[in-house]
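Add chain B with the ligands to chain A, keeping to what the hints say.
Sequence order for the protein chains is A and B. For the first sequence, my numbering gives the first residue as 1006, with consecutive numbering after it. For the second sequence, my numbering gives the first residue as 12, with consecutive numbering after it.
Check each hint, because a few of them may be wrong.
Cβ-Cβ distance ranges computed for the label pairs, FRET-style [claimed, not checked]:
(1) Glu-1154/A <-> Gly-136/B: 45 to 51 Å
(2) Arg-1306/A <-> Ser-232/B: 51 to 57 Å
(3) Asn-1133/A <-> Arg-133/B: 32 to 38 Å
Sample of chain A residues at the chain B side, in silico, Cβ under 8 Å [to be verified]:
(4) Asp-1107
(5) Ser-1111
(6) Leu-1112
(7) Asn-1113
(8) Pro-1114
(9) Ile-1128
(10) Asn-1131
(11) His-1162
(12) Met-1176
(13) Leu-1262
Derived by calculation from the structure, the hints in this document are not laboratory data. Remember, it's a predicted structure, so these values are computed and weren't measured experimentally. For every residue, glycine included, the Cβ atom is placed at its ideal position computed from N, Cα and C.
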Amino acid sequence: MQNDLTKSEYILKVEHLKVVSAQGAELVRDVSLKIKPGEIVGLVGESGSGKSISTMAIAGILPEGISIAQGNIFFKGQDITRITAQDRCKINGNQLGIIYQDASQSLNPLIRIGKQIDEVLKIHTNLNPKERRNRVYGTMRAVNLSDVEKLAKRYPHELSGGQRQRVLIAMAIINNPELLIADEPTTALDVSVQAQIIELIKLINFSRKTSVLYISHDFSTVKKLCDRVYVLYQGIPVEVGATTQIIMQPQHMYTKLLLESIPTPEKRGQHLMIMRARTKDYRGSATNCLFAERCPKVFERCRQELPDMYEMCDGHQAACFLLDK
Amino acid sequence: MARYILQKAGQMLITLLLIVFIVFIMFELIPGNPARIMLGMNASQEQITALELELGINEPLPLKIKNYFAGLIQGDLGRSIRFDKPVGELIGAAAPTTFSLAIYAFILIIVLSVPLALLAARKQGSFFDNSIRFVTETTLAIPPFFMAIILMLIFRTTQLGLSSGQGNLASPGFLRQFLMPALAIALSRVAMAMEFLRDAIIEQKRMFYTRAAVGKGATKSRILFFHIFRNSLVPFVTVLGLILAEVFGGSIIIEQVFLLPGLGRLLVTAVEARDFPLTQGIIILIAIVVIVVNFLVDLINQFIDPRIRLSDVKSEKSNLWTQLSYKLKFRKDIKR
Ligand SMILES: Nc1ncnc2c1ncn2[C@@H]1O[C@H](COP(=O)(O)OP(=O)(O)OP(=O)(O)O)[C@@H](O)[C@H]1O
Ligand code: SF4
Ligand SMILES: [Mg+2]
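Chain A extracted, bound-state conformation (with noise of 0.2 Å):
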């Protein structure tokens, strides 16, 4: 890839990340990827893949018990890997805005939203209660959320899926910043729903030039928003790549899989392949390809080492000694 590029250059950096429970599970074995900016950079991968593990990393929210083992994360060029929790709190919330996979658990359901959005600029900006309150008005406007006076005074479990998740759009994009983290923000929300979310995503990033890192198990969303994908297995990313690129000629097995199990018109009817979650425990490093067990190209090789990213062209890389001619 175009390594002669600065680290400032991206927006987020992320280098052999490893994440490691209590126990010693790598529930992220080593994940690197890069956002420059203004970029939409998907991340694809099953159920249990690693995908919210490592956003919570980047946002230094893991769960107890639950941490960065290796690896480093660069925002705008400073390592925040280990960074102190007053230095979090300066980038959290104000130049890193993050959408949770669970819009109802990530509120407070004893607050008023508007107040709970309101927190935002609380703790960022010096700005007067009036000026606040317009900010946002005019914020929960701008992810189509209605009436938002009343809506304002309502408490989350008022509110209906499509509304908690778009509240918590505004309150990841009210400080404008430069990276957008969406986790899965359209998985609990029926078709329409998701197609609207999607758009205001691409909105976002076409209006305030914000990043994004946008997670999902599948391809279908992806596809429409991404300039970038990444698909993530078992902690690994085993494919980089254009969306495009990716999506006409797949190079890994996996993503082959993966693309296949979108449904489309033509397929309806036709038995799916459907995706497994993961049934190996993580356990130790990983010493041969993690996909051997599915894949139906599997050779010797494959069991025995670990496979490299190899290049196709122009950034289109993927981990498969299919590849390694």
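Just chain B with the ligands now, with coordinates in the frame of chain A:
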């Protein structure tokens, strides 16, 4: 909101009337002739008849109930037999001592348990957490009257707590004078309050929204007070309600130990003297306190947690269930 409060207040009133009614009937059901019991074995028939007439003992029950309630509405609880004074006046004289003592003890409970809970919850299972819990749980096993004796031994200067005069929160020297009886009542309840708050804080800390708040850039102290503490208050307030009711009971016993002229001593005197109207009056007052405290707990809780407002029936049930499950859980914890 206003509708909810009105509804709750209505419920409270009905409960109150029911309680008064039940207490009244209970005293009616006590076997034997009250006039004879009061006057003792050596009383003559004339004396008994005279008293019967005075007390209206032989009137039909509905009329007695009607008279009692009619009196109650005018604040007339009847006349004490032992002291030959209106029951209301006697209670009015003794109540400030008991109320002051109970409120003092209650404030001590809060002042002691909140910081301890915050400290203990900082790191679950830490040495500090375990020590705090060990000490508070030990005090839980000590009944207030015994605690009072221990405290007296510790302080030695018994006159510090021995107060024979009237006292209430407003009178000078009260805080010092009542410290020992208040501590005796408070110490054994601190454990309960502390444990509830600590558990609630630990539970809230595990909630995802707490981590989401870190994602917003909120500082530790902001998260602790703006999010975690506030969200831990519902179980805490509920248990404080139970404790407050218990504290009133506790002060009745403690008044005996410290010879304080409160409701507790009045009640004991009334029971010993078979002074039915006075006993009745005190019991009704205690019942009123318990009901009002419950009402306040409900009100505060639904103010803290909007989800409780959702449906009154639901909240009624959930409230009871949280109370019960917490109580059971607590008992279980203590045994462990
Ligand atoms: N709090 C936790 N404690 C221990 N292990 C965890 C915890 N949260 C997640 N894990 C484990 O970490 C691994 C990665 O989980 P993660 O939540 O990152 O998956 P994901 O890719 O986000 O999946 P999904 O699509 O279901 O959200 C999984 O094996 C999961 O079991
Ligand atoms: S390295 Fe081997 S097992 Fe792994 S994806 Fe390629 S062919 Fe399949
Ligand atoms: Mg996830």
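Original post:
When the hints from earlier in the document are held up against this structure, which numbers fail?
Top reply: 10, 13
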